[in-house]
Amino acid sequence: MVDSCSLLHQTYLQIHSRFPPSLHAPVISKSHQDEMARGFLVTLDSLLSLLVSFRPFVEVVLSKTPDLPPELYFPQCRLLLSVMDTLPCQPQDVQTIWNTGSQFPKEIPRMTLLSALFHSLQQCSGELSLPVLSPGMMETEQDKSTFYHYVCIHLCAFITTFSVSHFHLLECSLLETILGSNTITALLAMDAWCFLARFETADLCAHHTFIIAHLLKVCPAESYQATLLGVLLRRLLFLMTAEHQVKFADKFPPKDTENLQLWQHLSLQALTPLLRPQVAREIFVVGFTQCQEWLNSGRSLDEFPQVNIAFSALLSVCQTSGETLEPKQRLALLGTLGQFVAVLHATEVSSLSHLQHGCCLIFRLLQLFIQMLEPQLLIQILALQTSLIQLNPSDHILILIAILDFLSSVGKTFIVPDFQGQILPELCSLFATLLANNNWIIQQHAIEVFTQFAEEVQSKQIGALTNSWDMKRIKETSHEDILPQCLKSEEIKSKVVIFLSKTVAIEEPAEAQAERMKKENALLSSSHLGETTEERQSDLILEPSPKRICYSPSEVQYTSAIDSAERTLEVLKQLLQKGPPPIWLAKKLDTLQVTLSNLRKTIS
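Residue numbers are given in the working numbering: position 497 of the sequence shown equals residue 493, and the series is strictly consecutive.
Take these hints with a grain of salt, some might be off.
Across the chosen pairs, the derived CB separations fall in these ranges [stated by the list, open to error]: (1) Lys213 to Gln440: 33 to 39 Å; (2) Ser98 to Thr447: 53 to 59 Å; (3) Lys213 to Leu46: 46 to 52 Å; (4) Thr156 to Ile494: 43 to 49 Å; (5) Asp199 to Val227: 19 to 25 Å; (6) Val227 to Lys102: 53 to 59 Å; (7) Lys515 to Pro413: 51 to 57 Å.
In case anyone wonders, no lab produced these hints; they're calculated from the structure.
Note that the Cβ used here is the ideal one computed from N, Cα and C, for glycine as well.
Kindly generate the complete structure, drawing on both the sequences and the hints.
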């Protein structure tokens, strides 16, 4: 029997690999699938109930070196889920073997049941989005239930049966998965953790929330671990009691600058109505002050990551508790954002990732204040966005998405006729460029944003029919005139029309879908396996570099300064075309001319 365990394991996996949603299953009708499932899968589950208590079988299934081919990782997941369903009925010693993993050097190395499940899921991410076939499920239920949903339900049910002696292993496994390099399994672990927070006591939920908060504070701000821990903390905050939320705010006071790294990830909507305004005010004061200090100091690029944290915290306040801000606070923040737009130069931004991240945050903040923007500031924003697109920065997808999000709100604002000649051509150029982008994510998002912009422009025209003064304003604008100019090719026009008509794309054949997803699985798996153990462990050593790099003046900085001067002169030129200048302008230009002459002498 001992020698047959490996064969039994392989047989179980081979049979399950022939059933959906395995990408290697043959394409057969649903009626035949259900008939075969009743004949084979139920029998396999009966066999499994006999093997689950047999230690050699456990060691084969949980081996730390499973050496499975790609087509057998999904069946391995099904096997482990079936074990989870069976295990609560087994004696405590059997549960211990599955839940604890190998403890001593003499034992055959084995993973814990949870670790084995998460490891297998990393290799079959494609199947997680497909409908799952399970005996006894109605066809309509199967259509709605994905394998991810199926795994999540069984995992949460298994968590409720964990003994107290093994509970720390559950916590460690969930945390290790969240800090790992696979986003899908990290999200699954978060779902399970949030279920645990609801299922167990409020005190345990608070205890976990405080632990995650402490871990988040020691993470490098821009690491992926910080992002994932931030998502988990955001969700757990919604599950805390009012009393525990007050303790959380006392433990991590928003008025302390060091805690902005924490609060930037949180939604203030999770807080009680009494606590929310106080926290929002404190975050705003600290974040706004940090931005002002950077502008008023030497503007060191080394310190910009801290400014990004302030931007992110301010964005959280404006998005989730904007009603608590006073009008003068909104105006002050808008003025500060305008200063950043003026001092950030496209050339410099395109070469430094933390400046690109900062630009994304600035665009999203400005989007919230779109109806308060002065035309001159809007011109500067659009000019900066155009320059960034032309320079194609390293994080260009994030930049382009942030630009599109900003453009999605431009249709809501009224552009006075005096500035339409400068703003509308920039809008047209931005939309045309983004709609023609080769990246399908950007192009799809651009179509959605352009459609939204067009609908808002047309709704203004319809609304103006009921008000003669509004009608005059609409006639003075040319928003609708730029819409055809944004569609530079027949292909783009066709895609926009298809999107507007909500035409369903041709359904992908099952065989083609399976082949495509196999390639995606292989790509994701190779990316994950290509990361060495040392690299993963080094990621978990959440310590900053001992010394920051000192940047000396470079060609990039000189180019940025010249770009800024040219943009300022262009704005001045446009202002002179609109009317007579103030008396002091001529004297100021003479002073600038002297300064330029002196600079020229220092070069020669």
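Going through the hints against the structure:
1. Lys213 to Gln440: 33 to 39 Å: holds (37 Å)
2. Ser98 to Thr447: 53 to 59 Å: Given a distance of about 57 Å, which is inside 53 to 59 Å, the answer is holds.
3. Lys213 to Leu46: 46 to 52 Å: Given range 46 to 52 Å: holds, Cβ gap about 49 Å.
4. Thr156 to Ile494: 43 to 49 Å: Since the Cβ atoms of Thr156 and Ile494 sit about 47 Å apart, the hinted range of 43 to 49 Å holds.
5. Asp199 to Val227: 19 to 25 Å: Roughly 23 Å apart at Cβ, these two residues keep to the hinted range, so it holds.
6. Val227 to Lys102: 53 to 59 Å: Given about 41 Å between the Cβ atoms, the range is violated.
7. Lys515 to Pro413: 51 to 57 Å: The hinted range 51 to 57 Å holds for Lys515 and Pro413, with Cβ atoms some 54 Å apart.
Violated hint for the displayed structure: number 6, the only one.
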